[in-house]
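Student: Single-letter residue listing:
Number of protein chains: 2
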Amino acid sequence: MTATTERTHNRAKTPASNLQVNLDYLAPHLLGRWKDLRLIARNFARDPRIIRDPHLGMDEHRERVFNQLSILVSEAQVLRAFPEHLGGKDDAGGGIAGFEELLAADPSLQIKAGVQWGLFCAAIHHLGTPEQHDRLLQPAMNLTVPGAFAMTEIGHGSDVASIATTATYDEETQEFIINTPFRAAWKEYLGNAALHGTAAIVFAQLITQGVNHGVHAFYVPIRHTTKKGRAGTLLPGVSSEDDGLKGGLNGIDNGRLAFDNVRIPRHDLLARYGSVAADGTYTSPIESPGRRFFTMLGSLVQGRVSLDGAAGVASKIALTTAITYGNQRRQFTSTNDTDETVLLDYQTHQRRLLPLLAEVYAGHFAHDRLLDLFHAVFSEEGMDTPDSREDLETLAAALKATSTWRALHTLQTAREACGGAGFMAENRLVQLRQDLDIYVTFEGDNTVLLQLVGKRLLTDYAKQFKNIDGINMARFVVERTADTVLYKTPLNRAVQTILDTGSKRRSAAELRDEETQRELLADRVETMVEELANALRPAQKMSQQDAANLFNTHQTELVEAAKAHADLIQWEAFTKALDDIEDHDARMILTWVRDLYALHTIEQNLAWYLINGRLSAQRAETVTSYIDRLLLRLRPHAQNLIDAFGFDETLVRATLLTGIEQRRQNESREYYRQQRARGDAPLHEKTTKKAAH
Amino acid sequence: MTATTERTHNRAKTPASNLQVNLDYLAPHLLGRWKDLRLIARNFARDPRIIRDPHLGMDEHRERVFNQLSILVSEAQVLRAFPEHLGGKDDAGGGIAGFEELLAADPSLQIKAGVQWGLFCAAIHHLGTPEQHDRLLQPAMNLTVPGAFAMTEIGHGSDVASIATTATYDEETQEFIINTPFRAAWKEYLGNAALHGTAAIVFAQLITQGVNHGVHAFYVPIRHTTKKGRAGTLLPGVSSEDDGLKGGLNGIDNGRLAFDNVRIPRHDLLARYGSVAADGTYTSPIESPGRRFFTMLGSLVQGRVSLDGAAGVASKIALTTAITYGNQRRQFTSTNDTDETVLLDYQTHQRRLLPLLAEVYAGHFAHDRLLDLFHAVFSEEGMDTPDSREDLETLAAALKATSTWRALHTLQTAREACGGAGFMAENRLVQLRQDLDIYVTFEGDNTVLLQLVGKRLLTDYAKQFKNIDGINMARFVVERTADTVLYKTPLNRAVQTILDTGSKRRSAAELRDEETQRELLADRVETMVEELANALRPAQKMSQQDAANLFNTHQTELVEAAKAHADLIQWEAFTKALDDIEDHDARMILTWVRDLYALHTIEQNLAWYLINGRLSAQRAETVTSYIDRLLLRLRPHAQNLIDAFGFDETLVRATLLTGIEQRRQNESREYYRQQRARGDAPLHEKTTKKAAH
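Chains as they are written, first to last, in this note's numbering: chain A, 7 to 699; chain B, 7 to 699.
Treat the hints as calculated values from the structure; they're not laboratory data.
Each hint should be verified, as a subset may be incorrect.
No copy is singled out in the list; a pair is fine if it fits within one copy or between any two copies.
[Unchecked claim] With a straight-line cut-off of 30 Å between C-alpha atoms, the simulated BS3-like cross-links for lysine-lysine are:
| # | residue 1 | residue 2 |
| --- | --- | --- |
| 1 | K547 | K692 |
| 2 | K547 | K95 |
| 3 | K41 | K95 |
| 4 | K696 | K234 |
| 5 | K696 | K41 |
| 6 | K41 | K582 |
| 7 | K233 | K582 |
| 8 | K547 | K695 |
| 9 | K692 | K233 |
Bear in mind the structure is a predicted one, so any value in this text is a computation, not a measurement.
Model the full assembly from the supplied sequences, consistent with the hints where possible.
Tutor: In structure tokens, the structure reads:
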């Protein structure tokens, strides 16, 4: 019996239900808008040349991953986002969709590719001029020039505006002089910096004619290229250090860079948003330095977008392993005397895994919407407006923070649900978790990202909050746009307390109601933002110091409001996605999954609903009991619901998914059957004692 | 300036408070009963021969750790628990105390030592007869015989009673025949099994005269010993497989063992709790097979006890790094224009780290009590009774589950609080987390352990619940013992709703009150157990199948009740420990820490208190605002509170603790100071624009 038939077999034995998830319908449906690209990428992620060898040490892993990049180049997908005349497809969304699936092969390969094409090339693409595209982009795209993305400095992680590297214009030679003034200004944690990069996009304070025009990006060669086309010795004035061993992603050569009076030609300032004339005169199409800075940074949002998708892939892989194993593994004596109970029939096991399955579905549909918006901004005519960009950035920040934390939690829960087997590298959960760990703080620390989201909610609520933290609040101020469903909360809606009824049955029915769920989730965001706005209102009349202190005492609430907003976004996306599901059974079952997502979210914040009088004590108890009912209802469908994401044995590559557990059970069952048939099973001491009595 | 003086320096700059934690008093006080042994062990954990080399691959790491064991032998501490006439000290508690501290050197070394002395030797010690001690213990103690502890089977992780390996007595030859009947019965995840072990304690069903007397332990040689004293080829009939790479603890050679008609002499059944005469007659000092089984397993409780302590050490190391760094690292502009804000001054940062600090203190004092009880049972005259053993097992299960999950959460939170630096192996957080991962499922899966605790609570509540889960409930039934403070809840106390008052100030004052805290925490356990007992009562009159189903639908609540019990235990231990603190300031400040622990615990379960009418909505809000006040009050003492545990730079060995961040800041501050002094700092574009207007 193959592993697949065993999984089907086990599924058939689960309690009957009148409804069935039709995998032939749901699996292709979930692949979404870039279905073909995802399927191609997944096939690629099965390629033995591409998949991770879990046993490699750091040095060998780095070398393997670097060599894998060349294989990626010959696959057109990694170049899809780039201009057509340079070999791309002008297809931003499709590029990300294919990229996300690469995680199944090896997160190190994915992130190394992300450094090369998603950061190094993308910076040239988004921050460079057409002339610079023609000159610099192709060698970068085809890997003739492996590059680093030198933004972060040791001294300033998330605070890019404060970096200390300088690029000072020298009119005499028409060059920029790149300098690292002190140790804290070293560029840090850069992929391709320790070994493989021959150039870097270096972010530095642009200084010309005695004026600092803020952070700009510069194309800076850092190493010679050897005759074999590999990175050679460092160029004069460039220093590099190796970050060495990390908690994960050890296939990437992260390192540090510093510059000591390194001169680059004037035309290698990436000049789309700011340029310097021969005489040193600075000009920019964007007048405000603040808006210019955030426009530049915003054009690099694709990192966050793709991490949201990649984190979703990791969570799906984790649950595929844990749910499949939970459907096969038996432990502790059952009451039918021969077979022990399957893990997923235990309530605690359902409680651990099924709400996460609902979360992963919610995250999946929200990511589809994020990718739609991303594609519109970067590849659809007329959609690239300051407003749509800011909406995109807010949505990406909220979802990236949510999905990367979720991935860590899901991987860990799955590993624990698989017991000791989950700890073995061959089942991939531990190494995936090690690799994904950094996702929660890179491309924007999650806590910082959620503060940005929270500030956006506040500025949406009232423009007078431009300066609440005494710093650069203005940067987050945007006009309201037409499309509000995803990233706006209906802040002007009156808060309504839901009336409770005496009947528990009635309560459960109401919690199942879509409008009730929306109201409970939206109300929480609205109320939290409103309360926060009221609490911060006095800041307007305070000194900068006092305002900052006041803001700090509400920082936790700000983050909580952003999380509540992310919850709502995902619920909205899930609910909207239900409309598109044409298969009746799939729609019904996914509606239960959506209900589970809603109630699980509400349950996690139950105290808030009680304190704020949105749920009575009686209704609050119903939340938990209705979740219990949903778990029982969904339990028979758990295997199909996770299989529908299409991460089969060949993608997950976990020994546990090879049917090994089932074979062992069959063998032991047969052993005892034969023993009974022969009649030579030993008596148990207890039995003999009972007989003696 | 050395790292230490920098830390002190920074401390001095934190907001003033009239109280100060006197480190000279608190640090030695916290070392507790086995202070000298802990200090010796810590010194040992600084030895360059002993500490982990983070860069070693699996094979090299395994070899290094094996060789380190010999160094441990020459240090007497690992042998303390063993009989004095064999070179030990009959000092169970002291042995564990020293062992726990070894984690700072390398968790692989600690667990490898745990396999050799805490499992292999301890099994001979606790399950063997005096004759067997004299014959088998010394070669095991001095590492002439490295050994595996072959209990777990692939097919039965936490369910030891169901293992399938057999030991069948052969009267003809007076031998036991050890057999692995099928693949699922292979012994799995055993340290020393893949490479280094030459013998194993094998747990198998003892069958003699056609009767299975249940699980017993057998001493089974598995490999030849080479002339150089290392493990050679496998003995006939023994098979071994290597588990290979794991998520962590890769310094240990975990592997599998199987036995094909391996014969061992009759006298190598470890015979303290059951022996077989030459003619095959089985006798045991314990009549009931169930009680016999649990007595044997219970004698191995030290694994859980020591993991509780080791997990505490890991959490202390994690917080030492994160709090020290949080006190030095500055990020985002402050309002005073020159220095940025120190991370630990941000509310979100305080919220992430300080409640964990309170938890770690609570866990610390609870562990002290656990170790006291452990020492009493195993090394004090007349204390080894069935009751005290069961109390010990319950307490160990509750605390091991709590502290190991806490360690993972703390390590991860600390790693995130250190940003990218936290992800670097040189700061140790990621590798410690990788190593500690398995702690939550080995030596008893935490979820299973909490169910055992929950069942114990139920049986304490009412004896009629002997059979609630239709299985072996009897095993958890115990008589109530005299010492109830730690592991008993005052179940008979009437539930009292605390009266709310109109004044918020009054409410906060009440939450600070020790009796209020105790009542809130104890009431939750009592009520949950009572409700659970009522819900399960019908099971008595049900079929076994229906009873099992009913039990399953309340499994989550059972686990929740056990967690609430663990919370209360730790609060009680913390509160009791306050009495012993003679320094006034330290006692005051630790009382705030205890309050934070209580309120943080209550806040995490706030919905329960609201639903059950124990807190009004108004009072519930006060919980959070009082926590905020405690955070501000404790923030200036955070560094001293974590330093008091004594895990200094030389034990933590994180680059972040070398003062590197402070030096970088000093350098950049000086750079800008000189620039200003010279008057050659560039103007900012914003400034020039303002000037132009």
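Student: Indicate, hint by hint, whether the structure satisfies it.
Tutor: Now the hints, each set against the structure:
Taking the shortest alpha-carbon separations for K547 and K692, only the inter-copy value of 24 Å comes in at or below 30 Å, while the best intra-copy value is 81 Å. For the identical chains of this complex, K547 and K95 are neighbours neither inside a copy (52 Å) nor across copies (71 Å), given an alpha-carbon limit of 30 Å. Taking the closest pair of Cα atoms, K41 and K95 come within 30 Å of each other only inside a single copy of the chain (16 Å); across copies the shortest separation is 69 Å, beyond that limit. In this assembly of identical chains, K696 and K234 lie within 30 Å of each other by CA distance neither inside one copy nor across copies; the values are 81 Å within and 54 Å between.
Within a single copy, K696 and K41 get their C-alpha atoms no closer than 65 Å, and across copies no closer than 52 Å, so neither meets the 30 Å cut-off. Taking the shortest Cα distances, K41 and K582 sit within 30 Å of each other inside one copy (19 Å), while across copies they are farther apart (62 Å). For a Cα distance limit of 30 Å, the shortest separation of K233 from K582 qualifies neither inside one copy, at 55 Å, nor across copies, at 73 Å. Proximity of K547 to K695 under the C-alpha cut-off of 30 Å is restricted to the inter-copy arrangement: shortest distance 26 Å between copies versus 85 Å within a copy.
In this assembly of identical chains, the alpha carbons of K692 and K233 never lie at most 30 Å apart, being 79 Å within a copy and 47 Å across copies at closest.
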